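Student: Protein chains in written order, with numbering that gives the first Met the number 0: chain L, 0 to 95; chain P, 0 to 464.
Note that these hints are calculated values from the structure, not bench results.
Computed from a predicted structure; not experimentally measured.
One thing to keep in mind: the hints can contain errors.
[Said to hold, decoys possible] Which stretches of chain P does chain L cover? Using the computed rule of at least three CB atoms under 8 Å from a CB of chain L, they are: (1) 20-32; (2) 87-93; (3) 141-149; (4) 235-244; (5) 308-318; (6) 411-420.
[As the list claims (entries may be wrong)] Taking lysine to aspartate or glutamate pairs in the EDC-like style, the calculated list, with each CA pair at most 20 Å apart, reads: (7) K24(L) with E3(P); (8) K90(L) with E326(P); (9) K90(L) with E295(P); (10) K24(L) with D361(P); (11) K91(L) with D361(P); (12) K339(P) with D361(P); (13) K24(L) with E365(P); (14) K90(L) with D411(P); (15) K90(L) with E146(P); (16) K91(L) with E369(P); (17) K90(L) with D256(P); (18) K91(L) with E326(P); (19) K91(L) with E146(P); (20) K27(P) with E55(L); (21) K27(P) with E326(P); (22) K91(L) with E3(P); (23) K24(L) with E326(P); (24) K24(L) with E330(P); (25) K51(P) with E20(L); (26) K455(P) with D411(P); (27) K90(L) with E3(P); (28) K91(L) with D256(P); (29) K455(P) with D440(P); (30) K252(P) with E20(L); (31) K24(L) with D256(P); (32) K455(P) with D413(P); (33) K27(P) with D256(P); (34) K91(L) with D411(P).
[Unchecked claim] A short, non-exhaustive set of chain P residues, derived as facing chain L with CB atoms under 10 Å: (35) M82; (36) A103; (37) P115; (38) A298; (39) V299; (40) M349.
No residue lacks a Cβ here, since even glycine has one placed at the ideal position from N, Cα and C.
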Amino acid sequence: MLENPAAALTIFVLAIFVGFEVISKVPPLLHTPLMSGSNAISGITIVGALLAAGSEHQTLSTWLGFIAIVFATINVVGGFLVTDRMLGMFKKRPGA
Amino acid sequence: MIQEIVPYAYLVAAVLLILGMRYLGSPKTAPRGNQIAAIGMAVAVVATLLMKEVVSFTVIVAGVVVGSAIGALLATRIQMTAMPQMVALLNGFGGGASALVATAELLNYARDGAEPTGIVPLAIVLGVLIGAVTFTGSLVAFGKLQELITGAAVVYPGQQIVNGLLAALTIGLGAMVVMDPLVLGPYWGLVGLGLLLGVLLVIPIGGADMPVVISLLNSYSGLAACATGFVLGNAGLVISGSLVGASGIILTKIMCDAMNRSLANVLFGAFGAAPEAAASGGGGGEQRTAKGYTPEDAAVIFSNARSCIIVPGYGMAVAQAQHAVRELSDELGKHGISVKFAIHPVAGRMPGHMNVLLAEADVPYEDLVEMELINSAFPETDVALVIGANDVVNPDARTDKGSPIYGMPILDVDRSQHVFVIKRSMNPGFAGVQNPLFFNDNTMMIFGDAKGTVLKLVEAIRELA
Numbered sequence: 000m001l002e003n004p005a006a007a008l009t010i011f012v013l014a015i016f017v018g019f020e021v022i023s024k025v026p027p028l029l030h031t032p033l034m035s036g037s038n039a040i041s042g043i044t045i046v047g048a049l050l051a052a053g054s055e056h057q058t059l060s061t062w063l064g065f066i067a068i069v070f071a072t073i074n075v076v077g078g079f080l081v082t083d084r085m086l087g088m089f090k091k092r093p094g095a
Numbered sequence: 000m001i002q003e004i005v006p007y008a009y010l011v012a013a014v015l016l017i018l019g020m021r022y023l024g025s026p027k028t029a030p031r032g033n034q035i036a037a038i039g040m041a042v043a044v045v046a047t048l049l050m051k052e053v054v055s056f057t058v059i060v061a062g063v064v065v066g067s068a069i070g071a072l073l074a075t076r077i078q079m080t081a082m083p084q085m086v087a088l089l090n091g092f093g094g095g096a097s098a099l100v101a102t103a104e105l106l107n108y109a110r111d112g113a114e115p116t117g118i119v120p121l122a123i124v125l126g127v128l129i130g131a132v133t134f135t136g137s138l139v140a141f142g143k144l145q146e147l148i149t150g151a152a153v154v155y156p157g158q159q160i161v162n163g164l165l166a167a168l169t170i171g172l173g174a175m176v177v178m179d180p181l182v183l184g185p186y187w188g189l190v191g192l193g194l195l196l197g198v199l200l201v202i203p204i205g206g207a208d209m210p211v212v213i214s215l216l217n218s219y220s221g222l223a224a225c226a227t228g229f230v231l232g233n234a235g236l237v238i239s240g241s242l243v244g245a246s247g248i249i250l251t252k253i254m255c256d257a258m259n260r261s262l263a264n265v266l267f268g269a270f271g272a273a274p275e276a277a278a279s280g281g282g283g284g285e286q287r288t289a290k291g292y293t294p295e296d297a298a299v300i301f302s303n304a305r306s307c308i309i310v311p312g313y314g315m316a317v318a319q320a321q322h323a324v325r326e327l328s329d330e331l332g333k334h335g336i337s338v339k340f341a342i343h344p345v346a347g348r349m350p351g352h353m354n355v356l357l358a359e360a361d362v363p364y365e366d367l368v369e370m371e372l373i374n375s376a377f378p379e380t381d382v383a384l385v386i387g388a389n390d391v392v393n394p395d396a397r398t399d400k401g402s403p404i405y406g407m408p409i410l411d412v413d414r415s416q417h418v419f420v421i422k423r424s425m426n427p428g429f430a431g432v433q434n435p436l437f438f439n440d441n442t443m444m445i446f447g448d449a450k451g452t453v454l455k456l457v458e459a460i461r462e463l464a
């Protein structure tokens, strides 16, 4: 998909800028959920894990892929769920 | 046909993840933001399963089931005080997964005898290295936070030299892999070194510097995912990984600024290692005694007060006192006293930790005020109540150029009419420096466990009314 290294680097650099812009607007109040939420997003590496485990290339990489899927899924599921649980606790003053 | 839409699906996933992060910017929209991000992740996973390379699903289903079960169990059982450990652990799993993916990819290249080209060999090296460091580094951070291993900085003579040599060796092996990726010997060496470096880089960092370490490892886990994106040539991974990388870097910088220390100083300064540093700290020469008071004494002052700012610190988290503190704030409210909470950026063991604890105890989030916004309010405040915080309220940071914490932004509690400090003992804080706040004329020390003392205070205020 990204055969051209320059294109890949361009996407990388632009994404970093987008990241800085978006994240710097998050107030300190929400820094913990931001962290657990972004944590879940780093589990995107599950994409690579699925490819490694599902491509029937060779037994060793299938097994590495399996462990990678377990790790990444813990990351994704645990991260999103705990963020949701935490965000549910932030409440406005009743009647305010 | 389906194959052709996969790259677009990754684009949709990336947009949803970015939007989700954006919605995390306000407490009202944040829950929706998290859901949008989760949907983005689901889109990426489904798109991957549709790819023609994925031919077998048994292993995938098994892995997803096991991982989801563990993840869900962790997420629903974890106590809010243990959030830093949880995030450390999740960082570690993310990094570990990326290292495994990079390894599996290289093994596939080696088996096919196909030399990886372009940026791929470098991306494999970076992916496995950052991933391995994140994995073991996070496990050590988890161990420290969970108190499975000592939270103090572990230092030994020649530590920097050892780390420096290992780093040089790592770069050498990395270069060998990049030049000749299909010779696997140096690669396995690199894996081992990465795992070792993760341990060695985190053990010399003390418990109270954990907010920085967790933020940094958070960033690493994103960058590792980003590197695997380059390995697989997958734009979705590159975008999401760099998003997390940027987020971790910003938080790391905020944490360092809040301690007025450079990242290098946090990582290599071994702060909080030697207890004897306490004696050499400023103000150690003169013999002054702080006077202890009872909760009843404090209640009398409260009976004439109109406003109170509560300053929570790690001590409150350790004592699980957040619910008692909320009770106190309710009781004060009944007596017409306005209550706000002043949150220092590095209070607790991870960014924003105090906010989550107090939100859990049903303190409305409007009352949780960040340092810059509340500092001007202290001079007009009748009572500042410090619960389990120390270094973040040390006035030496403003005035004593010789103090190790000089220049660190602090909460100006000493400028309020009265200061109550609830503390277990006169032990100096993490930085090992004595706190002159405790000896001020307007300061009353109330010694005791945070939870018990706060509850006694509630009782005493009730009785006086």
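Student: Could you run down the list of hints and mark each one as holding or not?
Tutor: Results of checking the hints against the structure:
Here the stretch 20-32 of chain P counts 9 residues with a CB under 8 Å from a CB of chain L, which clears the bar of 3, and the coverage holds. Counting residues of the stretch 87-93 of chain P whose beta carbon lies closer than 8 Å to any beta carbon of chain L gives 4, which meets the minimum of three for the stated coverage. Evaluation of the coverage hint for the stretch 141-149 of chain P: breached, as 0 residues show C-beta separations to chain L shorter than 8 Å, against a requirement of three. With 10 residues having a beta carbon nearer than 8 Å to a beta carbon of chain L, the stretch 235-244 of chain P meets the requirement of three or more and the stated coverage holds.
Given as covered by chain L, the stretch 308-318 of chain P fails the check, having 0 residues with a CB less than 8 Å from a CB of that chain where 3 are the minimum. Coverage of a stretch by a chain is defined here by at least three residues with a beta carbon nearer than 8 Å to that chain's beta carbons; for the stretch 411-420 of chain P and chain L the count is 0, and the condition is violated. Proposed proximity of K24(L) and E3(P) is contradicted: the alpha carbons are some 36 Å apart, above 20 Å. Annotation: proposed proximity of K90(L) to E326(P) holds, straight-line Cα distance about 16 Å (limit 20 Å).
Restraint check for K90(L) and E295(P): the C-alpha separation of about 32 Å exceeds 20 Å, so the hint is violated. Taking the CA atoms of K24(L) and D361(P), the gap is about 25 Å. The hint is violated against a cut of 20 Å. The suggested pairing of K91(L) with D361(P) holds, with an alpha-carbon distance near 9 Å, which does not exceed 20 Å. For the given pair, K339(P) sits about 14 Å from D361(P) by alpha-carbon distance, which is consistent with the 20 Å threshold.
The suggested pairing of K24(L) with E365(P) holds, with an alpha-carbon distance near 17 Å, which does not exceed 20 Å. For the hint pairing K90(L) with D411(P), the CA-to-CA distance comes to about 27 Å; that exceeds 20 Å, so the pair is violated. Distance check on the hinted pair: K90(L) and E146(P) sit about 31 Å apart at the alpha-carbon level, beyond 20 Å; violated. A hinted pair counts as satisfied when its Cα atoms are at most 20 Å apart, and K91(L) with E369(P) qualifies at roughly 16 Å.
With a CA separation close to 29 Å, the supplied pair K90(L) and D256(P) exceeds the 20 Å bound. Our distance criterion of 20 Å between C-alpha atoms is met by K91(L) and E326(P), whose separation comes to about 17 Å. A C-alpha spacing of about 34 Å is found between K91(L) and E146(P), which places the hinted pair above 20 Å, so the restraint is violated. The straight-line distance between the Cα atoms of K27(P) and E55(L) is roughly 45 Å, outside the 20 Å bound, and the hint therefore fails.
Distance restraint check for K27(P) and E326(P): the Cα-Cα separation of roughly 25 Å exceeds the 20 Å cut-off, and the hinted pair is therefore not satisfied. At most 20 Å may separate the alpha-carbon atoms for a hinted pair to count; K91(L) and E3(P) exceed this at roughly 46 Å. As the CA atoms of K24(L) and E326(P) are separated by approximately 32 Å, the hinted pair breaks the 20 Å bound. This hinted pair does not check out: K24(L) and E330(P) have alpha carbons roughly 35 Å apart, beyond 20 Å.
Restraint check: the Cα-Cα separation between K51(P) and E20(L) comes to about 36 Å, which exceeds 20 Å; the hinted pair is violated. Proposed proximity of K455(P) and D411(P) is contradicted: the alpha carbons are some 26 Å apart, above 20 Å. Taking the CA atoms of K90(L) and E3(P), the gap is near 44 Å; set against the 20 Å cutoff, the hint is violated. Between K91(L) and D256(P) the CA atoms are separated by roughly 29 Å; this puts the pair beyond 20 Å, and the hint is violated.
A hinted pair counts as satisfied when its Cα atoms are at most 20 Å apart, and K455(P) with D440(P) does not qualify at roughly 23 Å. About 15 Å separates the Cα atoms of K252(P) and E20(L), which keeps this hinted pair within 20 Å; it holds. Restraint check for K24(L) and D256(P): satisfied, since their Cα atoms lie roughly 17 Å apart, inside the 20 Å limit. Taken as a hint, the K455(P) and D413(P) pair is broken in the structure, with Cα atoms around 24 Å apart against an allowance of 20 Å.
Simply put, K27(P) and D256(P) have alpha-carbon atoms about 28 Å apart, too far for the 20 Å limit, and the pair is violated. Only pairs whose Cα atoms come within 20 Å are accepted, and K91(L) paired with D411(P) is rejected, the gap being roughly 27 Å. Evaluation of the M82(P) hint against chain L yields a held restraint, the C-beta minimum of about 6 Å falling below 10 Å. Because the smallest distance between the Cβ of A103(P) and any Cβ of chain L comes to about 4 Å, under 10 Å, the interface hint for this residue holds.
Interface restraint check: P115(P) against chain L, minimum CB-CB distance 12 Å, threshold 10 Å, status violated. For A298(P), the interface hint is violated, the least distance from its beta-carbon to any beta-carbon of chain L being 25 Å, above 10 Å. Against a cut-off of 10 Å between C-beta atoms, the interface hint on V299(P) is violated, since the closest Cβ of chain L lies about 29 Å away. Below 10 Å, beta-carbon pairs count as interface contacts, and M349(P) has one with chain L at about 6 Å; its hint therefore holds.
The structure shown violates the earlier hints numbered 3, 5, 6, 7, 9, 10, 14, 15, 17, 19, 20, 21, 22, 23, 24, 25, 26, 27, 28, 29, 32, 33, 34, 37, 38, 39.
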